[in-house]
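*Asks:* Residue numbers (the working numbering), protein chains in the order written: chain A, -10 to 302; chain B, -10 to 302.
None of these hints come from the bench; they were simulated from the model.
For chains that are exact copies, the list does not tell them apart, and a pair is met inside one copy or across any two.
Using 25 Å as the maximum straight-line C-alpha spacing, the simulated BS3-like pairs for lysine-lysine come out as follows:
hint, residue 1, residue 2
1, K49, K18
2, K20, K113
3, K118, K284
4, K267, K164
5, K267, K282
6, K118, K282
7, K118, K267
8, K18, K113
9, K267, K166
Number of protein chains: 2
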Amino acid sequence: MKKCYGGIDLGGTFIKAGLLSSDGEVMAKFKIPTAVDSGAAAVRENLIRAGLRIINMAKKRGLVLAGIGVGSPGTVRYPEGLVTGSSPNIPGWVGVNIRRLFSRFSITVRGDNDANCMALAESKFGAGKGTRLGFYLTIGTGIGGAIVVEGSLVRGASFAAGEFGHTIFRYGGKKYKTGRRGQLEAYAAAPALVSQARLAAGGFKGSILTKYADNLSPREIFEAFRAGDPAAVAAVSENARMIGTAIGSVVNLLNPEIVVIGGGLSAGGSEYIELIRKSAISFAFESATSSLKIKTARFGNDAGWIGAACLNI
Amino acid sequence: MKKCYGGIDLGGTFIKAGLLSSDGEVMAKFKIPTAVDSGAAAVRENLIRAGLRIINMAKKRGLVLAGIGVGSPGTVRYPEGLVTGSSPNIPGWVGVNIRRLFSRFSITVRGDNDANCMALAESKFGAGKGTRLGFYLTIGTGIGGAIVVEGSLVRGASFAAGEFGHTIFRYGGKKYKTGRRGQLEAYAAAPALVSQARLAAGGFKGSILTKYADNLSPREIFEAFRAGDPAAVAAVSENARMIGTAIGSVVNLLNPEIVVIGGGLSAGGSEYIELIRKSAISFAFESATSSLKIKTARFGNDAGWIGAACLNI
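All chains, please: the whole structure from these sequences, using the hints.
*Replies:* Next up, the structure:
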C-alpha cells in the first residue's frame, strides 16, 4: 500500500490540512474554520476534527497514513510538541501539547512552529529544493523567519529561533506592541504597509486608495500599485525597500544560498518582489550576493500544512 | 613524539602566532609587526617568516607540527584558502592564496576568516566549550561575528557569513564608509564610541575626557567610565545599549545557547559587559533567553591564532 503523510496548519482564521505523498505531491487538501473566538478548547476540538478527517481520507483512498504533522503559531518545543511561547493570534494556546492532543489515534504526531513548517516545505520540495543554507521568511500580519543549515532547520537552543520580525530595524524607533522599540515587524508587516499607504494617499490628491477609507487592505494597495497609483507606488516601494534592507542584513549575517519569500504580501506580484530583491542586493556585500537566489515561495498558502506533513518524511 | 598545531593571526598591526597542543594548551607564542605600510608583498613575507618561526619552534621543542592555520581579515574561501573579499585594514590583500603562500613548506596549511578563527577557538576550548549553537562577536575598530551550529562554523554559501557589523541597525540612518546607511558598525564600533564620548564630554563641564583632545581612545573612556565620569558613563552606557540591542536581535533570530563577546572593547570591564547583557535580555524574547549565557571571550587577543591552529585539530 502506498504511504501518505498528513499535515495540519493551524492559522488564526483557518485550519488548513491535507495528505502529501513521500515525494511532495498533494494528494488531498481541505480547510475548516479555526474558530479562535470560541476559545482554546474549541480550537483543540477543531484540530482533532482535522486529524480525524485526515485519517478517514487516507483510509478511503487505501493509503497508509505514516504520520501527522501540525504547524502551530508560537514557540513549539519540537521534541515534545509543546507550545511554550505566546501566539497573539490564538489566545490561551501556550501550554497545549500537540502530540498528546492526538494520543488517542495511535499514530506518529509531530508539532512544530508554523514558520519552520513553511521553510521545511519550501526547502524539501519547493523554491529551496536542493539548497543547503537558506533563509525563509513570511510577510503577512506578522513577519516570521526560519533558517536551514546543512539541510536542517535551526530550531534554536530553546526552539525559539527565526523571529525575523523581531530583529532590530530602527534603533530608538517606534514602540511596538511587544514593548520594544524599532523592530522590523512594526515597520514592514501588512498593518504598517496599510498605514503607510493611507498616509501616502493623503498626500496624493485623486489616489485610488482614498475611496477605501477604513477597508484598505494589502490586496487593494497592490492592485493600485500595479495600476501606477502614485500613493500606492510610494507606499509599496518604501515597504519593499525596508523588507529588502532587512533581507540584505540577514544575507550579510548568514550568507545563504537562497532566500525564499512567502506569506500574504509575497503575493504582491513580481514587480514588488523585484524591488525587494534590488534593495537586498544593494544593502548586502557583493561577496555574499554573487550567487544568491531570491525566490518567492512555491507553495503559497499550502506551505504550512505541506511542511507539517514533511515533519514525518 | 607529541603533536602540535601552528596558528597565525594576521592583524592590521601585528601578526600574532603560536603553537597549540591538541587539547588547546598554549605551548609557545610570539608576535611580529605586520608592516602593512610597506605593502602587500611585505605582509606576505612577514606571514612566511611567522610560518618559518613556527616550524623552527616545533623542531626545537621536539614536537611534530601537524599543520599551520592562518586567520586573515576579509572573506576567505576556506577550501582553497583564497582571500576573495576586501579587508580595509590590509590594502591589496584580495587575491592572496594563503595555502599557496606556504606551499614550499610541505605542511598542511588552512586559511580562514579571522572572526571565524576567534569563534573556533572559543567554541572548541574557550567560553563556548561544550555548546552546540553559539554566536560569537568581536567589537573593536570593526564589528565581526561568527555563527556555530551543531558544533560547526556556518561559513556561508560563498564563505562570507558573519558580517554582524553590517547588519541593519538604524534604517535611514548614517551613511557609512561602505556607502550603505544605518549599519551597526557605524554606531557601535570603537570609532563611534570615541566620537560619542567626545560629544558627551562637550556637554559635561569638567569631564576627565576633555583633557585628551584628539588622543582619546576606548582605553581612556573605559577608565573614566569606571571612575564615574558622567560623560564617559553616558557614552559607554549608550554604546552598551546599542551593542546589547543588536545582540538581542540576533538572539531572536538564532536563539543560541551562548553569545561570546570578544575584541578590543570586550576588555571594557565587567560593568560594561553587564550593561550589554541587560540590554540584550530586554530586547530579546523571554523564550529565547531563558537559558541563554552571555560571556566574554576567554582567549582575548590570542583567540585569533589559537582558532587558526584549531583549523587543523
